[in-house]
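Enquirer: These protein sequence lines are chains A and B, in that order. One point on numbering: in numbering that gives the first Met the number 0, the residue at position 85 of the first sequence is 84, and numbering is uninterrupted. One point on numbering: in numbering that gives the first Met the number 0, the residue at position 115 of the second sequence is 114, and numbering is uninterrupted.
No lab work stands behind these hints, which were simulated from the structure alone. Just to be clear, a hint being listed does not mean it is correct.
Claimed, not checked - Listed below are the simulated PhoX-like cross-link pairs for lysine-lysine, each with C-alpha atoms no more than 25 Å apart in a straight line:
| # | chain 1 | residue 1 | chain 2 | residue 2 |
| --- | --- | --- | --- | --- |
| 1 | A | Lys180 | B | Lys117 |
| 2 | B | Lys88 | B | Lys111 |
| 3 | A | Lys180 | B | Lys102 |
| 4 | B | Lys205 | B | Lys102 |
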Amino acid sequence: MTAIHQRPSARGTASLLVPLLVGGLIMLALGVYGRVHPPTGFAVGIAGFSAALPMKVWLTTGATVLAVVQVVTALSMWGKLGVDIPAGVHRWSGRLAFLLTIPVAFHCLYALGLQYDVPRVMIHSLLGCFFYGVFTAKMLSLRKENTPGWTFPVLGGLAFTALVGLWLTSSFWFFTTIGFKV
Amino acid sequence: MSRLGPIVTLTAGAVLAVGLGVASITATPAADNTVATANETANETPNEAPEETPEATNTAADPNPSETPTFEESTPAAPRKADYAGRVKGNGGLIAISLRDGKAVGYFCDGKTEAWFKGDASSADLELEGFGGAKVTAELGGGKAEGQVAVGGKKWSFVAPTAVKPSGLYRASAIVRGARVRAGWIVLKRPQGGFTQVGTAFLNDKQVPTPELNGDQPTSPVTVDGTTVTPEDVDGFIEEMQ
Numbered sequence: 000m001t002a003i004h005q006r007p008s009a010r011g012t013a014s015l016l017v018p019l020l021v022g023g024l025i026m027l028a029l030g031v032y033g034r035v036h037p038p039t040g041f042a043v044g045i046a047g048f049s050a051a052l053p054m055k056v057w058l059t060t061g062a063t064v065l066a067v068v069q070v071v072t073a074l075s076m077w078g079k080l081g082v083d084i085p086a087g088v089h090r091w092s093g094r095l096a097f098l099l100t101i102p103v104a105f106h107c108l109y110a111l112g113l114q115y116d117v118p119r120v121m122i123h124s125l126l127g128c129f130f131y132g133v134f135t136a137k138m139l140s141l142r143k144e145n146t147p148g149w150t151f152p153v154l155g156g157l158a159f160t161a162l163v164g165l166w167l168t169s170s171f172w173f174f175t176t177i178g179f180k181v
Numbered sequence: 000m001s002r003l004g005p006i007v008t009l010t011a012g013a014v015l016a017v018g019l020g021v022a023s024i025t026a027t028p029a030a031d032n033t034v035a036t037a038n039e040t041a042n043e044t045p046n047e048a049p050e051e052t053p054e055a056t057n058t059a060a061d062p063n064p065s066e067t068p069t070f071e072e073s074t075p076a077a078p079r080k081a082d083y084a085g086r087v088k089g090n091g092g093l094i095a096i097s098l099r100d101g102k103a104v105g106y107f108c109d110g111k112t113e114a115w116f117k118g119d120a121s122s123a124d125l126e127l128e129g130f131g132g133a134k135v136t137a138e139l140g141g142g143k144a145e146g147q148v149a150v151g152g153k154k155w156s157f158v159a160p161t162a163v164k165p166s167g168l169y170r171a172s173a174i175v176r177g178a179r180v181r182a183g184w185i186v187l188k189r190p191q192g193g194f195t196q197v198g199t200a201f202l203n204d205k206q207v208p209t210p211e212l213n214g215d216q217p218t219s220p221v222t223v224d225g226t227t228v229t230p231e232d233v234d235g236f237i238e239e240m241q
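If we strip away everything but chain B, and leave its shape as in the complex, we get (with noise of 0.2 Å):
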């Protein structure tokens, strides 16, 4: 008895592992399939030129149109997994849309003024709130999404297309001495090389100067107001948001 025990343990761990690895992968697929099938057919015409080249390949779904499984709801799915990045038509700002399983987060930002959005992923109609009555409404399709953003009163529109990193969304927050230190960017990489970011950065409330992140490795730690603080890509920093 004593001589199995510790096999037992080892064996209920890799058990309890291979459990969860099959209850994950069952309840993954459901949102993946959906999406890019539906909607890269629907509006395949590039009416837009953005800054940067489409990504003929949304990071989030391998398009599979063998096995789509119609499902009744007529809205399709969001993507599990997404990231857009673009620029918002008139105001020189950025912005930003990530999806992480049925949640999204948003971020727009033009140096000065920034706004954090959240809220459900749950179709490819995305509506985020911020702060304040800041709104995000965007459609997501095509690789891209494409809507509008109301921040301080205004509204603009925005096109913003599938983004691989390092472009995306960054974030940074700490506690030091008391003291909290967050920053937001946005990078985006030029086509023609070199990246576009804004930033803003915020010691307790307090705007300070934004540092500028590493193009290349956008998560290299930083200093905000002599602070060193670590910009965290989306997966770092979603389950903080909530």
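For reference, chain A alone in the conformation it holds in the complex (with noise of 0.2 Å):
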């Protein structure tokens, strides 16, 4: 019986291996890059905002709330809820998210740098290289067989938890200190 249980958990933590050192060299290498870039101070970005911040703030914002359906969806995929959402919700508020950090980080890694003067600034640094990494992991753990049963819910929410950090660090910030701005 438990020789049973045992086997699929062994193979299914080595299938996560891949995954997990390419996240880790993600966040290793945007972290090097937002060290070693020298920052532009510039970057394109969505056109539509009077300025960077309010663009980063908002897309941040956008971003959580389609995090917090991505929780719920994920729940609900997983009978926690008793309510059947169809997995396309997931997956498509999931790539939206992600596409709209996009621009954003841009703008962190490329225009700014990775900065640790301010504790409010390093915890967002680093917080940004770890929500790559770890939603990198997560995506290529998708593809693999036999992962753990707790491999989604930890990933999916470090990830989640993550960029509920790096919006307190920033949108949050900028609404509290500067205000609500377009």
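Take the two lone chains and join them into the complex the hints point to.
Expert: Right under this line is the structure:
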């Protein structure tokens, strides 16, 4: 009995090796790039906002709202809600959330770089790198069979937590220190 | 299909990032190259001996004479990114001007009076407006900004060499329990060591004692009237100034 339970789990953990490794490399690569690349102070972004910061603030807020949708739809997939939400909702809200974060992260890394001088900025910098690493690991492990049962809850949960942390250290800070503006 | 889905997602993100990268690289260089070459040859004679050793290398531009595009405009373009800080002659104050992507901010402060300025940095002839008729006009070139500042009906001239961190302009603003705290500083590194700095701090538009910034780490948190605020450098606050 135990043996039957053990074996798939052991095999499953091994199947996570590559996704986690690649995720870790992504984290590291983003961090190193953010440190080595001299910040330009400028980056191309999405039109329709008065400046780069408001653009980032609202895209991040959008991604965070979609991340909440992610958690709800994931709970439904795992039968925790008693309501069946089509899997497509989870996939597409996730994709959209991920794409919304790209112009933001691009501006962060290209125009500003990784910075450590203020706690908020330091936490934000590190969480940003962490988020893309975890997200990549989650995406890659979706393709693996026999991943342990905890894989998606843990990786998805970490990605969600990181994104909320990123929102708190950027958009929430912006709304409370500077105010609402588009 | 569903097996490829995650890969498609990641690829789409990567493609978007690369696209933004290409767009950013092609969008920037126009202003960059014209600056240094046009100006630095023109007025290279240092008629002033500023306190700070003038930086030969402009922070913004890497002069690349071989491929300087000649644009139709006769006024040289302003650097895309540049920081200047120096003394205002005859009133003991300091002035700092910073340019980022076509926007310019300026700050004049003598410890009592202060004025923020902003404007467009489309050419090397800067004109920045402040509150209540305050104004800065400056000409950029040769690693310095040279011009005049008018505050409170008086006018002074200044020469501000290129400033390299930690010298430069810093600003802090916060809203704490409904009270608005704001402060501004100019930090100038002295050639013989140490720092000259001036600043002002306000709590709800009432002037309060200004904390001194840590010269080596000007963005370390300081306390304004019991409230801890974090000074930001120009990259940090220029977006908030609009």
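Enquirer: Would you mind confirming whether the straight-line C-alpha gap from A:Lys180 to B:Lys117 stays at or under 25 Å?
Expert: holds (19 Å)
Enquirer: Decide if the proposed pair is consistent with the structure: A:Lys180 and B:Lys102, CA atoms, cutoff 25 Å inclusive.
Expert: holds (19 Å)
Enquirer: Hinted pair, alpha-carbon criterion (25 Å max): B:Lys88, B:Lys111. Please report holds or violated.
Expert: Answer holds: B:Lys88 to B:Lys111 is near 16 Å, not above 25 Å.
Enquirer: Would you mind confirming whether the straight-line C-alpha gap from B:Lys205 to B:Lys102 stays at or under 25 Å?
Expert: Violated, because 28 Å separates the two Cα atoms, which is more than 25 Å.
When each numbered hint is compared with the structure, a violation occurs for hint 4 only.
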